[in-house]
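Q: Residues per chain, in single letters:
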Amino acid sequence: GEDVEQSLFLSVREGDSSVINCTYTDSSSTYLYWYKQEPGAGLQLLTYIFSNMDMKQDQRLTVLLNKKDKHLSLRIADTQTGDSAIYFCAESILISGGYNKLIFGAGTRLAVHP
Amino acid sequence: DTEVTQTPKHLVMGMTNKKSLKCEQHMGHRAMYWYKQKAKKPPELMFVYSYEKLSINESVPSRFSPECPNSSLLNLHLHALQPEDSALYLCASSPDRGTYEQYFGPGTRLTVT
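First to last, the protein sequences are chains A and B. Each residue of the first sequence is one higher than the one before, counting from 1 in our numbering. Each residue of the second sequence is one higher than the one before, counting from 1 in our numbering.
Since the hints were derived computationally from the structure, they do not count as laboratory data. Fair warning: this is a prediction, and the values are worked out from it, not measured in the lab. Backbone N, C-alpha and C define an ideal beta-carbon position, used for all residues, glycine too. Among the hints, a few may not be true.
[Unchecked claim] Ranges of calculated distance between the beta carbons of each label pair, as one might list FRET restraints:
#	chain 1	residue 1	chain 2	residue 2	range
1	B	113	A	82	28 to 38 Å
2	B	70	A	111	40 to 50 Å
3	A	26	B	77	47 to 57 Å
4	B	61	A	95	14 to 24 Å
5	B	26	A	30	25 to 35 Å
6	A	28	B	40	23 to 33 Å
[Claimed, not checked] Covered by chain A, according to a simulated footprint, are these stretches of chain B (three or more residues, beta-carbon under 8 Å):
#	region
7	45-57
8	100-110
[What the hints assert, rightly or not] Chain B is nowhere near these chain A residues, computed Cβ spacing over 10 Å in every case:
#	residue
9	67
10	71
11	82
When you get a sec, could you build the whole thing from the sequences and use the hints?
A: What follows is the structure in structure tokens.
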């Protein structure tokens with residue numbers, strides 16, 4: 001079945017690194033995504049990684065993928081108060097007709113304190 | 001430009017009302033999506049349109065009626081909703097069907113009274 005799990009809450013000090021973890025179950029996932037949602041807002045695509053990659057870096061963001069363990073992580077370097085938000089991990093599932101369905105985790109609420 | 005716009009931002013409607021949500025993108029994307037997000041929950045897929053044709057309906061009740069008048073516009077018509085339908089309705093688009101990144105709009109927060 002399709003299931004994506006994340007820890008629900010993470011608290012970090014400003015300037016430290018944050019690491020948000022995610023596990024997924026569908027081994028046929030081709031892409032995995034990280035989305036950010038600020039209060040009352042829509043989802044902002046932060047980054048994504050193709051399933052044959054181990055790592056992807058984009059400025060302060062580093063995504064690590066362990067396909068064997070079906071584990072995905074997002075590291076945010078030098079975390080700032082503006083990074084406080086809910087972070088959703090999502091896997092893409094190809095469904096009938098070749099369409100792409102995103103299965104989201106429950107979201108990790110990141111709180112950054114001074 | 002990776003912008004998807006949605007109107008209205010907020011909507012309050014009674015159970016006997018008929019209203020519509022609108023979504024627009026000008027990125028030339030050919031796949032568009034409606035998601036529903038209940039409070040403190042992740043988004044859940046409702047509908048997928050590809051090349052202006054309804055391709056996926058995730059067993060959504062008929063009181064939700066999607067429409068794609070052209071390749072840039074996606075509407076969601078609402079009729080006889082229930083209070084439990086109150087949620088954030090998110091529109092998304094992607095370049096095509098298949099494995100592509102999806103870009104989301106800011107959502108319409110719907111309250112059914």
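Q: Can you give the numbers of the hints that this structure goes against, from lowest to highest?
A: Of the numbered hints given earlier, the structure breaks just one, which is hint 3.
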